[in-house]
Amino acid sequence: MRYESPATTKEAVALLSKEKGPAFVIAGGTDLLVRMKSGLVEPALLVDVKRIPAMTTIKVMQTGFRVGAAVSGAELGAHKALGKAWPGVVEATNLIGSDQIQGRCTMVGNLCNASPAADSVPALIAAGAKAAIVGKQGRRTAAVEKIITGPGSTSLAKGEVIEALTLPKSSRRTGDAYLRFTPRTEMDIAVVGVGISMTLERGIIKKARVCLGAVAPTPILVPAAADTIIGTKLDDAALAALAAACSDACDPIDDKRGTAAYRIRVAGVLARRVATIAFQRAGGAA
Amino acid sequence: MSEAVLVSTTVNGDVVEFACPTDEVLLDSLRDRVGLTGVKEGCGTGDCGACSITLDGQLVCSCLVLGVEADGRDITTVEGLTEDGELHPLQQKFIDHAALQCGVCTPGFLVAAKALLDRNPNPTETEIRYALAGNLCRCTGYDKIVRAVQASAKELNKARR
Ligand SMILES: Cc1cc2nc3c(=O)[nH]c(=O)nc-3n(C[C@H](O)[C@H](O)[C@H](O)COP(=O)(O)OP(=O)(O)OC[C@H]3O[C@@H](n4cnc5c(N)ncnc54)[C@H](O)[C@@H]3O)c2cc1C
Ligand code: FES
Ligand code: FES
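Heads up: the sequence lines are chains R and U, in that order.
Residue numbers 1 to 286, in my numbering, belong to the letters of the first sequence in order.
Residue numbers 287 to 447, in my numbering, belong to the letters of the second sequence in order.
Chain R with its partners taken away, still in its complex shape (with noise of 0.2 Å):
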């Protein structure tokens, strides 16, 4: 196996596009190594990505902001404007695995390695995160939610690589939360996991994004349930309409960490709740 460290995405892009074996970029490699070890992908090259640092940076701009790849889940964490203007990013990523997972783990990571459970994915679809894709034909950008195409794959061309992630600009009348649920408080995988952003206007909803983790193949986004709190104050009424569907929505498998009836139940619960938290966070009167 060849190990390389470039200093440039480009450099990551050409040495990725040549090899003609299975080609792998490494970030924090908490998914692929323990992926290597057991035997399931056996790389004839990896790339490490965190010597590039267009990738190890957070730069605040005008449009909002724009996290390189490889920067860790202890990083995110520590940078205090990200954090306050969307906490539940923040929030989803910090919950992956243990403070030595967060010393090396990346949102990015995250959503490559496309597990139906990534507890980062769902905050991020919902707050609107776009990926920068750079590959043998130059740049693209796209939504997050469609680089997961099912349990372990992504709609990357063979060469492409993200290089960072963009949020966008948040106003102070916009809140964002994720919950998840899981059996164990610390170390396990969720159940379910809700993320869900809006934006105020006078008290009421006037934008959502309602995406679910864990419930079906890939997370996924339901316009139909945030259509149920917009033009709301989140009464009682329009958290009902939600959670019912959110659980409408819903397409899971019975698994040893919850039967499929189990996290249909539990997705319109936890929609409730992460709700409740965003519109707090924007502002909203309870």
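It is possible that part of the hints are untrue.
Here are the simulated SDA-like pairs of lysine to any residue, each with C-alpha atoms no more than 25 Å apart in a straight line [claimed, not checked]:
(1) R:K80 - U:L341
(2) R:K37 - R:R51
(3) R:K10 - U:R317
(4) R:K37 - U:P409
(5) R:K18 - U:P307
(6) R:K169 - R:K206
Away from chain U, derived, C-beta distances all over 12 Å, residues of chain R [stated by the list, open to error]:
(7) K10
(8) P43
(9) A54
(10) A143
(11) F181
(12) T185
(13) G231
(14) D254
Covered, in the sense of this in silico footprint (three residues per stretch, anywhere, with C-beta under 8 Å from a C-beta of chain U), are these stretches of chain R [unchecked claim]:
(15) 45 to 53
(16) 87 to 99
Keep in mind that the hints were calculated from the coordinates and are not lab data.
Predicted model, so just to flag it, every value in this text is computed and none were measured.
The beta-carbon is built from N, C-alpha and C at its ideal position, and this holds for glycine as well.
Using the hints provided, position chain U with the ligands relative to the given structure of chain R.
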């Protein structure tokens, strides 16, 4: 067979160099090439924390880092906690409180607890338990470990004043 790469890195303040197969994890490089056997392998999959080290100041599992990734970085292992042969207060308090039995988890707990106290000198019990959630112990039942960390925090804060 994987090719070997020359890795030069700082471990507990000393520069060390070793030839490292590209698929070797840092845990094995530290134990077998650098001779630091304080790092332990419990699971090899990031779940138990016995292999905890700091890499450029960041707490990580050395079983989920490649040796080659450590080139030019700065590593601290449990062996780096002692100063001039003196045990770190955490090490002394673990002994005083009998916070270990078999000891396999201990180096990892010490490194993780030090990372916590460096960042948060006055952690609550809940904060300690969350910060150490990535470290598993099959012997002690955790309580004595938490007490030892609390006692160390107290002592370190007294020394600081
Ligand atoms: C003990 C433990 C606990 C965990 N707990 C959780 C949890 O609670 N919740 C959760 O969601 N996950 C959890 N995980 C899984 C994992 O930590 C996360 O998915 C993490 O975010 C992966 O990020 P990484 O940077 O380590 O990815 P890596 O392992 O480096 O990469 C993962 C995949 O993404 C690809 N990739 C990475 N970066 C890029 C890029 N820039 N462009 C293109 N492709 C890229 C890699 O090639 C690889 O296929 C846990 C893992 C462990 C070991
Ligand atoms: S050996 Fe590294 S976490 Fe268990
Ligand atoms: S003392 Fe034996 S595992 Fe902790």
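Against the structure, the hints:
no., hint, verdict
1, R:K80 - U:L341, "holds (23 Å)"
2, R:K37 - R:R51, "holds (24 Å)"
3, R:K10 - U:R317, "violated (36 Å)"
4, R:K37 - U:P409, "violated (35 Å)"
5, R:K18 - U:P307, "holds (22 Å)"
6, R:K169 - R:K206, "holds (16 Å)"
7, K10, "holds (21 Å)"
8, P43, "violated (9 Å)"
9, A54, "holds (19 Å)"
10, A143, "holds (30 Å)"
11, F181, "holds (17 Å)"
12, T185, "violated (8 Å)"
13, G231, "holds (39 Å)"
14, D254, "holds (24 Å)"
15, 45 to 53, "holds (count 3)"
16, 87 to 99, "holds (count 3)"
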